[in-house]
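Engineer: Residue strings, one per chain:
There are 6 protein chains.
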Amino acid sequence: MRYINELREGEMLSETYLCKSKQSLKTKAGKSYYSLLLQDKTGTLDAKVWELSNGIENFDSMDYIHIEGQITSFQNTLQLNIKRVRKSQEGEYDPSDFVPTTTKNIDEMYNEILTIISKMTNPYLSKLVNSFFVEDKEFIKAFKYHSAAKTVHHGFVGGLVEHTLGVTKLCEYMAANYPLINRDLLISAALFHDLGKLDEISTFPENDYTDDGQLLGHIYIGTEKVGAIIRTIPNFPKSLENELKHCILSHHGELEYGSPKKPALIEAVALTYADNTDAKLQTMIEILNGADDKSEWLGYNKFFESNIRRSSK
Amino acid sequence: MRYINELREGEMLSETYLCKSKQSLKTKAGKSYYSLLLQDKTGTLDAKVWELSNGIENFDSMDYIHIEGQITSFQNTLQLNIKRVRKSQEGEYDPSDFVPTTTKNIDEMYNEILTIISKMTNPYLSKLVNSFFVEDKEFIKAFKYHSAAKTVHHGFVGGLVEHTLGVTKLCEYMAANYPLINRDLLISAALFHDLGKLDEISTFPENDYTDDGQLLGHIYIGTEKVGAIIRTIPNFPKSLENELKHCILSHHGELEYGSPKKPALIEAVALTYADNTDAKLQTMIEILNGADDKSEWLGYNKFFESNIRRSSK
Amino acid sequence: MRYINELREGEMLSETYLCKSKQSLKTKAGKSYYSLLLQDKTGTLDAKVWELSNGIENFDSMDYIHIEGQITSFQNTLQLNIKRVRKSQEGEYDPSDFVPTTTKNIDEMYNEILTIISKMTNPYLSKLVNSFFVEDKEFIKAFKYHSAAKTVHHGFVGGLVEHTLGVTKLCEYMAANYPLINRDLLISAALFHDLGKLDEISTFPENDYTDDGQLLGHIYIGTEKVGAIIRTIPNFPKSLENELKHCILSHHGELEYGSPKKPALIEAVALTYADNTDAKLQTMIEILNGADDKSEWLGYNKFFESNIRRSSK
Amino acid sequence: MRYINELREGEMLSETYLCKSKQSLKTKAGKSYYSLLLQDKTGTLDAKVWELSNGIENFDSMDYIHIEGQITSFQNTLQLNIKRVRKSQEGEYDPSDFVPTTTKNIDEMYNEILTIISKMTNPYLSKLVNSFFVEDKEFIKAFKYHSAAKTVHHGFVGGLVEHTLGVTKLCEYMAANYPLINRDLLISAALFHDLGKLDEISTFPENDYTDDGQLLGHIYIGTEKVGAIIRTIPNFPKSLENELKHCILSHHGELEYGSPKKPALIEAVALTYADNTDAKLQTMIEILNGADDKSEWLGYNKFFESNIRRSSK
Amino acid sequence: MRYINELREGEMLSETYLCKSKQSLKTKAGKSYYSLLLQDKTGTLDAKVWELSNGIENFDSMDYIHIEGQITSFQNTLQLNIKRVRKSQEGEYDPSDFVPTTTKNIDEMYNEILTIISKMTNPYLSKLVNSFFVEDKEFIKAFKYHSAAKTVHHGFVGGLVEHTLGVTKLCEYMAANYPLINRDLLISAALFHDLGKLDEISTFPENDYTDDGQLLGHIYIGTEKVGAIIRTIPNFPKSLENELKHCILSHHGELEYGSPKKPALIEAVALTYADNTDAKLQTMIEILNGADDKSEWLGYNKFFESNIRRSSK
Amino acid sequence: MRYINELREGEMLSETYLCKSKQSLKTKAGKSYYSLLLQDKTGTLDAKVWELSNGIENFDSMDYIHIEGQITSFQNTLQLNIKRVRKSQEGEYDPSDFVPTTTKNIDEMYNEILTIISKMTNPYLSKLVNSFFVEDKEFIKAFKYHSAAKTVHHGFVGGLVEHTLGVTKLCEYMAANYPLINRDLLISAALFHDLGKLDEISTFPENDYTDDGQLLGHIYIGTEKVGAIIRTIPNFPKSLENELKHCILSHHGELEYGSPKKPALIEAVALTYADNTDAKLQTMIEILNGADDKSEWLGYNKFFESNIRRSSK
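Protein sequences appear in the order of chains B, P, V, C, D and X.
Each residue of the first sequence is one higher than the one before, counting from 1 in full-length UniProt numbering.
Each residue of the second sequence is one higher than the one before, counting from 1 in full-length UniProt numbering.
Each residue of the third sequence is one higher than the one before, counting from 1 in full-length UniProt numbering.
Each residue of the fourth sequence is one higher than the one before, counting from 1 in full-length UniProt numbering.
Each residue of the fifth sequence is one higher than the one before, counting from 1 in full-length UniProt numbering.
Each residue of the sixth sequence is one higher than the one before, counting from 1 in full-length UniProt numbering.
Calculated directly from the structure, the hints in this document are not laboratory data.
Note that the coordinates shown come from a computational prediction; the quantities given were computed from them, not determined experimentally.
Fair warning: there could be bad hints in the mix.
The list cannot tell twin chains apart, which means a pair is met if one copy fits it or any two copies do.
Okay, derived cross-link-like pairs now, DMTMM-like style, lysine to aspartate or glutamate, Cα gap no bigger than 25 Å in a straight line [what the hints assert, rightly or not]: (1) LYS48 x ASP97; (2) LYS137 x GLU241; (3) LYS31 x GLU6; (4) LYS20 x ASP208; (5) LYS26 x ASP46; (6) LYS26 x GLU6; (7) LYS20 x ASP94; (8) LYS119 x GLU172; (9) LYS262 x GLU296; (10) LYS150 x GLU305; (11) LYS280 x GLU305; (12) LYS313 x ASP211; (13) LYS119 x GLU11.
Based on the provided sequences and hints, a complete structural model is requested.
Structural biologist: Below is the structure:
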């Protein structure tokens, strides 16, 4: 496949891309044309269909489309001038070419999660966690494919597994090294803390905020979802339910970060630090890996409110 | 009844009070005694049982107890020295003597709410609101009796009805005077906005934060509760559900006040101002009514971050 | 008239516009030309006078000018290439074509204000309010024509009347529904709260911050103005003067929003919520009405710190 | 005179003090008594009149009263048990014994101010300043006697002169050392910046916030007062009036400190630093001079948000 | 030994305590006496020497003193009435009775640190760390005995070792689980991050802020100290020196927490989360262990800005 | 010399400039070219070397280069099309043409500093100050040439001398006018307060943040440097060392401005106001002098969070 980040001015192209957005516009002279945003896993490309002639078939945004055309340059940026376009057939393209994906093995990561789950001893929490991570095939499939964010960190296929595993392992470390922590409660909270992201962000290749996500947010959605399953487990202790929900609700640590409650339990405190540690280290790793050249100082980053620098080997 | 705010040093007492708290302590000499906090609707009173003799029957905190004893004075404060104590029988006392109560008529206020509800036209919202406010007898009874707060404003029996009515009427005014507002959505949101207070704060005479309240908060609890009933109403539009839940979730207006989302809909904006207006005006009214003497300036209030002053008639 | 938002590339134009700004510049080759910003009530247009020949008469910024020329396109934006220009004569154009105007009837709104005023009973406040809103013809004329803001909300002719009426009616509602509020004091404060805007913002078509506005602000200006008239009313009670001025000074509610005092009176608290409610609901209405297409989500708004969304009908 | 800070338990007293406050109370047994707060320049003293017999004449708070009685001790604090009390006659006491006073010479400081004024050259500003500081005898008398604060810094007779001189001299230094500063504008602004304190705080011995002070504040009051006199000076330039008022309005430097505008002129910037420098250095001097013992570290101070320490000689 | 938390009213005492403070005061009748604060590892005790007779020998604050006297009660608190007092001899008391001490084994913890150090491979960092933790006997002795705080968390003998080990192990975990982290740099930074506490807080039994601590703070002191030793190591890379110092300077994570720089390196980010995690979990553990009774809710904690609750077992 | 701010489109150029940056890039067609940023004291200029032919000799960024080429225009900005380029020889150009420089006389300002130093009487502080400002020739040379900032205020050659003198003179004024200030301590602190800027910012013509500057900051660097010299002065009092270092560490006044400690000494308070006053007045002067035209209002400035305006003469 001819990836977007390798295209050169002047080249003739016949390829399938994901049509991320499609606008129907008019030139100043009143003639209709399409302005498209094409995407593959390496980036995005502006494209225009100036002549809505017979080579231009019906398609919509979020369709995979096969285009023929030429790369031109407008104001120093590449642009695709499309002559022919049609919807691509399933099988004609490999969906994984159109979505950024974790560099790690998703199944291996998922198995690590299962191993951690298998060590749980509290019958209620164990039943609850299993009903999601072991028994619910649809959930498992979605969970493995989802990102953990639209941008920032873990914004790729497998990102939700990778981040959830990173947080859960940190929580395991804390439960092993600090007394008084209820291990099964903390592990359950870690596994569920970003559950709501499945509904807050649409699946790839779209990976954008949903209506639910914008109006309710993953913190509310995830807590409600866990609560709904708990109600199906006989005799689940009310106190334990409150504690688990509290950990999910408070995991952003501060009201101004969207948690309606501050952490009041040692497990809630542990979870907020585990989440933050994994998120911030991964953000730093993505910045360092993503920097183009080998300069030491990589520019200002608004999340860290600092210029970022590579350290010595 | 002999109210706490009328007691005088030296007087002999034979009366029923609510035992708000009971501690079993030891004197420095090692002798056991009880330290109690008694309450009626006019205030609280320290009490001691120095001799755990045969006149002292079993009782617990939150029991209504009948005591005999004498009022003494310790470090300028009145204290009750109890000689005899037993649990009071239902009928022996009037529970309304032990809880502060709205000065307005609760049934009249509730009827005003029902009138507003009767004008709703959206079938889904109407069904939802009716299932709480018309059909659920247990909910209605609890709602009428509950306070809207532990302290600050509307912290009395009937307070939740009074505050909910005040907010809903302000929302009616806004829906009538500003275009684009979806009246039924806004009225529903106003009616449900403090629904979670039923679980966040225990009923009178206790009126204190519950475990649910401290760990989850009324914003989460109320939204989840509304969501649970919505799931029982066939074909309730997903979009409308999201909008209503969003109004409840965002009604504190700012993340740092415990809302996990900022208002994104005009109805959510209207609700947050209606809630704030009713709450702040009532707080001011309680300050002005509660001030002991007739001085103009009533001292510093932390909610208003200002000294408060009566205005001219 | 040929409105700016209807112009098309290539068209020849002979029309009057308001010259919002005029700069005298030199090309890189050293030749003088004018760069103008033209305005009507539908928008603004860049214009150039490349040849300062005999068809180009004297004019200045804020003049209404009659131009002849052709619409061209530069970097995707329309631009007017002017061949002839002269000042327009009064009568040759309709000033209302050059200023955005409320969609409501200004006189009707003003009469609503007069009706509210006629119900006042405090003789001092009534005399004060009448001396502005009934007796001062110059004030009345200016007040009816003024905007309530440069941008954001009510930034159009009649905006000050519309906003003042909106706030005053909310205050009437509060005075009728909440005890202890001094109605006449609150109504007077509502009527005067944005009085200083007459001096803070210049009249249309300029509608920009004045020197007074930037150095002193409408809160100070309005309070001082009310104070100056109060001094002409015999026996106006000092206490009432202080209360009224306090309401105006504190109506932004918080020091960081430019009020030098926080509200200390119930009327001051009521006014700050009435002002905020009317301003925020109108801002929301202008966003919803101003959105181009029919998409649900309308993008991020910095005043609400949220993406904004239409709600269901 | 027998000063309050020298009284000892058991001593019999016959002396005049200022009665700062007077409350009429009842004992638990229902008998009336007075609770007083007496004051001289060295401190305050609790006093009780237990027997309202014929030796107890009429008096009110803020009266100078002559008392006879005995010093007792209650809960480790001295208390005066009053047997006889009557209003003192003027001449019977020296008012300066009852108010804290600057250690500097007020007339010398005032003459320094006059010298600075005499060097002004702008005719309008000079006329304005003279109309207060040279021609208005009542103003001069009040200005010399006033404090610059209720507490914190310069809270003593002569404090307003001392602080105004300190700020004005710093402004003179800045005008002499930094280009572009309009000296007369800055000097005028310095002289008037705390003018409103004359109305914000009552005169000694009361020295407490007035109704004007709490509702309007010295920033508004002083600016309005200067504006009123400016209107009596023919042809006072509007621009200069705005600039001077802006300097007074903005002299707290930040909105959250009660200035409705941030400094926009170099003179306004200079004034805010001069005011802050004099205020903070004087606050530090009062802390260092007021510390009882010779320990290096003097405890936490909330204005400096730090423990305070003496430095080496 | 007779510990302070076991004393009872009326008991006669002959025991050694640490004299934490000593004040020489006068009674109201003018008689001199001493007011002392005595301390052992279980708490503190007010003590008075009313008669400065011949049984009262010379001693000073921070001396261990042997007292004879009787326990009395004043306003519900125990107080020691001292009849005889003299300085205790070394050997007469066990210093460990007077200081709170970690419940863990200090030598074992220190050996864990040494094991981690032994795995370092960077020659410069290894040499630097060894020069402190292996070669400097005085440093090792002080480090093992020191607390990590005056109060809050780890405020006991061995606290600095315990906290440093906790942070370093978390850093080891991060270096093992997240790519791009320079392990030796991070380990070194963890070991040195609270080095300055040795000078910021005096050693036990005083354990209070020093002059250095209050004026300079442990962040500056520790960084300077590491810098001084680096200068003695030939060819220590300048870049590595900057990185290590940066990690120490920035380890509080935010400017407002006293770090003059925000973290700019992945190791600095990792360190700030490791430090925070260990500190907050230990704070929570101390709250949970320190709570007197078995109630679930333990009251408001200002560090967590929340009520704290035990979680289910 | 032909300065950058006087260049015109079309002109042929043969001149020396400083090459501030040099990037080696490829055209879309794959051909290599250089993109340069040239600088003199009047501004910067984009330049391209399209043909890497034999007239193009070796050079690097921060070299002074002699170029031949023509001025063209690209998207309304001037660009230099370079035909020939070589490194310039020392002597061929005047370095002062390439760096912005104070308008004051550096030697005269430095002599003013020396005069102030000569009046110091404390032997330790005097020795310390002299070892930098009198005896260390290398330091003196660097200090005179350095800027006090990358941008904002005093960002030119001689800026560090000018700012240090301005602050020191203000401190002299304070020491003379306010009691309790230790003059020599305050003068020393003023002289050293920005010492760390010598390492935080590279010398002209680069004048950019160094690795030390970004990782450690001038506050830490300067304090450590003073500490290192103090250690070479026998018997320098520890207390005085702490005080001086504290003044340097705390001179930004607030933790969030990068000071790890808030001012705790009167000298530290004085220094922070002197530093702020000189910095803010100079910033205002640079804004007023730098404004192009004669309009009163000069636009919004983020440091002052206000529009800035010239005041009347």
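Engineer: Compare the structure with each hint and give your call.
Structural biologist: Okay, the hints, checked on the actual structure:
Taking the shortest alpha-carbon separations for LYS48 and ASP97, only the intra-copy value of 22 Å comes in at or below 25 Å, while the best inter-copy value is 37 Å. In the homo-oligomer, the alpha carbons of LYS137 and GLU241 lie at most 25 Å apart inside one protomer (24 Å), although the nearest pairing across protomers, at 27 Å, exceeds that limit. For the homomeric pair LYS31 and GLU6, the shortest alpha-carbon distance between copies (16 Å) is at most 25 Å, but the shortest distance inside one copy (32 Å) is not. Proximity of LYS20 and ASP208 under a CA criterion of 25 Å is satisfied intra-copy only: 11 Å inside one chain copy versus 41 Å between copies.
In this homomeric assembly, LYS26 and ASP46 come within 25 Å of each other (Cα to Cα) both inside a single copy, at 17 Å, and across copies, at 22 Å. Taking the shortest alpha-carbon separations for LYS26 and GLU6, only the inter-copy value of 14 Å comes in at or below 25 Å, while the best intra-copy value is 30 Å. With identical chains, the CA atoms of LYS20 and ASP94 are at most 25 Å apart within one copy only, with a shortest distance of 16 Å there and 47 Å across copies. In this assembly of identical chains, LYS119 and GLU172 lie within 25 Å of each other by CA distance both inside one copy and across copies; the values are 11 Å within and 24 Å between.
Proximity of LYS262 to GLU296 under the C-alpha cut-off of 25 Å is restricted to the inter-copy arrangement: shortest distance 17 Å between copies versus 38 Å within a copy. Both within a single protomer and between protomers do LYS150 and GLU305 lie at most 25 Å apart by alpha-carbon distance, with minima of 20 Å and 19 Å respectively. Within a single copy, LYS280 and GLU305 get their C-alpha atoms as close as 12 Å, and across copies as close as 23 Å, so both meet the 25 Å cut-off. In this homomeric assembly, LYS313 and ASP211 come within 25 Å of each other (Cα to Cα) only across copies, at 16 Å, whereas the closest approach inside a single copy is 45 Å.
Within a single copy, LYS119 and GLU11 get their C-alpha atoms no closer than 57 Å, and across copies no closer than 55 Å, so neither meets the 25 Å cut-off.
Hint compliance for this structure: hint 13 is the single one not met.
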